[in-house]
Amino acid sequence: MNTLPVQIAFYSLAALTLISAAYVVRARSIIHAGFWLLPCFVGVAGLFATLQAHFFFVAQLLIYAGAILVLILFALMLTRDAMSLHVPLKSHLGIWAGLISAGLGISASLVLARQSWSVTTAHPAGPARQAEALGEALIGLYAVPFEVASLLLLSALIGAVVLAKVERAPAPEPPPLADTLPEPEETRKEPVGVE
Amino acid sequence: MIIPNYRLGPIDLVTLLPYIAMLCIIGFILAIVPLLIWIERVVISLMQDRIGPNRVGPRGLLQTIADGIKLFFKEDIQPRAVDVRIYYLAPVLAMIPALTAGATLPFSTVRFRMEDGSVQTFPMVVGNVNIGILFILAMASLQVYGIILAGWSSNNKYSLLGGLRASAQVISYELAMSLAILSAVLMSGSLNLVHVVEAQMNGFWNWNLFAYPPLGFIITVIYLISMVAETNRAPFDLPEAESELIAGFHTEYSSMKFAMFFMGEYASMLVVSGVAVSLWFGGWTSPLPLLDFIPGFIWFLVKLFALFFVYVWLRASLPRLRYDALMNLGWKRMLPTALVILFLIACWNTLRTPQAQDANPVSEITMAPARAAEGER
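Those protein sequence lines, which keep their order, are chains L and B. The working numbering numbers the first residue of the first sequence as 23 and each following residue consecutively. The working numbering numbers the first residue of the second sequence as 1006 and each following residue consecutively.
There's no promise every hint is true.
Unchecked claim - In silico BS3-like pairs for lysine-lysine, Cα to Cα no more than 30 Å straight-line: (1) B:K1162 <-> L:K187; (2) B:K1075 <-> B:K1162; (3) L:K187 <-> B:K1075; (4) B:K1079 <-> B:K1162.
Unchecked claim - Only part of the chain B face toward chain L is listed, based on derived beta-carbon distances under 10 Å: (5) V1089; (6) Y1093; (7) V1097; (8) I1136; (9) L1139; (10) S1146; (11) L1147; (12) Y1150; (13) I1153; (14) L1154; (15) W1157; (16) V1175; (17) L1196; (18) M1206; (19) I1299.
Hints listed in this document are in silico derivations from the structure and should not be mistaken for laboratory results. In this text the structure is predicted, and so the values were computed from the model without any measurement. For glycine and all other residues, C-beta sits at the position ideal for the given N, C-alpha and C.
Work out the full structure, taking the sequences as your base and the hints as a guide.
Here's what the structure looks like:
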């Protein structure tokens, strides 16, 4: 597996991920920061692909790049003045942030370097049965954590709906059919049935 | 038709098959778009009792080629206040995922006579991977970035509204689409599109469309609706509504960049139609066993063009949905229906096979790329 093409792919994907992550932090416009997350997620997905973890490659693309980032961008675009919003990069917390991240990075790399990793030549679950192995683990060994996590997500979902409803309540009579989603502004302003 | 497995040193035709399939897919998608546009214009004009394109070439066949050349030589206008990098990136991002998604779509089989005289069948597919259908789903979800980036970077309120509408619409209909695809996966017991198609062999009554009657039929209709919505085609073309958004997200695009959006839209239509053909209409297999002598890619093309005709038919006959009606249809009708059907299919599967030990059907077709990759290791 440690052939040259795989190494080249790994290093270029790692560089893509790190550089775009740096741009996420450095970008002055908040929406640019959001857009820079896309190459970052794609790079991580590519790392999964070089590890022959096809299922995780696709899951990363589908969930992070395909769904979560679209939602983030959607929210950013609805934000007032997101187009002209330029966050100043000066901050008086720079030194502390640098110290904390440096300490975290050094300790994490120390742990990673000291750990004796067991090397296997065979894949524990080859690409052929990866999805099945994950599915069986989720409803077998890890059933309880999985259910707890989904319960947490469900409560977060209901909480989000409740918060959105409370904020909407003082608005004067929403149009009768338009109460499913937070819509873009153009449908809220128009009376229903103008088309 | 049986092809001898020609061999040149370490390379034989079977190992080259994925690369041939790749050239076929990309070449087909890029070359067929002018013909598709011509078909669309002719069919719509027939339905509206007009003549349609008839000046350039025989029956107007060369009209789209002329349009393409015209687009190529148009001035490439860059508005003053656009976000330049993203503005140029967006058309590329609209097209690349659509072309990439074709990678796991099997469209035919080839029979090779091996060295030892035996005849083996191989699927024509670029990546015969186990998560084929998920890969296509992921690429379809990346497609929306072209529209979002274009809408935002154009610095035009109509474009931004188009981009917003597109992202909301694609997120909403992706759910129904994924649930429909999952139902097909449950019916066939595999995430590999080659296996899904193989499970529907030997006649049209084995198609997933007619499986678990009437569940298969309903879920097919749900997939077809969400497929039209995913590709932003009429009657779900709110992101580019001419009458309210003056073409929406691509208002500020001209020349070849506009052409790339157009190509991307047709390419993604082809890909999602190809997925529909593979999941519900038997893929490359023939509808009747006695028609097996006709090669698989011809059946695939026939089914693909039939679905494209449905696209055009919908566009000619249905008015555009209002935004709230679109959201109601997606979230309140299609999503609950698809969930119930998925649940029913799962129950049926569990009841019918109490001990589901071997969920994967054993494939008759050897997995060519997988085998080649094993050999390399």
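Do the hints match the structure? See the list:
For the given pair, B:K1162 sits about 27 Å from L:K187 by alpha-carbon distance, which is consistent with the 30 Å threshold. About 28 Å separates the Cα atoms of B:K1075 and B:K1162, which keeps this hinted pair within 30 Å; it holds. The hinted pair formed by L:K187 and B:K1075 fails the criterion: a straight-line CA distance of about 51 Å is larger than 30 Å. Between B:K1079 and B:K1162, the direct Cα distance comes to roughly 24 Å. Compliance with the 30 Å bound is thereby established for this hinted pair.
Checking B:V1089 against chain L by beta carbon gives a least distance of about 12 Å; that is not within 10 Å, so the hint is violated. Interface restraint check for B:Y1093: the shortest CB-CB distance to chain L comes to about 13 Å, outside 10 Å, so the restraint is violated. With a least beta-carbon distance of about 13 Å to chain L, the hint placing B:V1097 at the interface is violated under the 10 Å criterion. The beta carbon of B:I1136 comes within 5 Å of a beta carbon in chain L, closer than 10 Å, and the hint placing it at the interface holds.
With 10 Å as the threshold, the beta carbon of B:L1139 comes within range of chain L, its nearest partner Cβ sitting at about 4 Å, so the hint holds. Hint status for B:S1146 relative to chain L: holds, with the closest Cβ pair at about 3 Å, below 10 Å. Proximity of B:L1147 to chain L holds as hinted, the smallest CB-CB distance being about 6 Å (cut-off 10 Å). With a least beta-carbon distance of about 7 Å to chain L, the hint placing B:Y1150 at the interface is held under the 10 Å criterion.
Given hint, B:I1153 at the interface with chain L, holds; its Cβ is 6 Å from that chain's nearest Cβ, closer than 10 Å. The criterion of a C-beta within 10 Å of any C-beta in chain L is met by B:L1154, whose closest approach is roughly 7 Å, and the hint holds. At a threshold of 10 Å, the smallest CB-CB gap from B:W1157 to chain L is about 6 Å, leaving the interface hint in force. Because the smallest distance between the Cβ of B:V1175 and any Cβ of chain L comes to about 7 Å, under 10 Å, the interface hint for this residue holds.
The criterion of a C-beta within 10 Å of any C-beta in chain L is met by B:L1196, whose closest approach is roughly 6 Å, and the hint holds. Among the interface hints, the one on B:M1206 is violated; its C-beta lies about 22 Å from the nearest C-beta in chain L, farther than the 10 Å criterion. The criterion of a C-beta within 10 Å of any C-beta in chain L is not met by B:I1299, whose closest approach is roughly 32 Å, and the hint is violated.
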